[in-house]
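Visitor: Sequence:
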Amino acid sequence: RIEWTEVVVRPWEADCPVADLNPSGMPPVLQVADPTALTLCEISAILGWIEDSQTTPLLMPSDPVERA
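The sequence shown lines up with residues 5 to 72 when you count with this note's numbering.
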């Protein structure tokens, strides 16, 4: 339910745009434009943002023990 566009990158190439977005230079990177500009790096930050910005369905269990 989130609109997105996929951009295929090759992190080993010198002109890879991910190197400018993520200090580790590795995907995944998610850039969010609405409501404010936001760049998320690493899967845990991306999944956390998706989880917090949506009401249903949940990606992860609500219980912290189950999430861990």
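Mixed in with the good hints, there may be bad ones.
So the derived label-pair ranges between C-beta atoms look like this [to be verified]: (1) D67 with G29: 33 to 41 Å; (2) T9 with L63: 29 to 37 Å; (3) T60 with D19: 37 to 45 Å; (4) V69 with E10: 29 to 37 Å; (5) T9 with L51: 15 to 23 Å.
Read the hints as simulated data drawn from the structure, not as lab findings.
Quick caveat: nothing in here was measured; it's all calculated off a predicted structure.
For every residue, glycine included, the Cβ atom is placed at its ideal position computed from N, Cα and C.
Visitor: Check each numbered hint from earlier against the structure, then list the numbers of those it violates in ascending order.
Guide: 2
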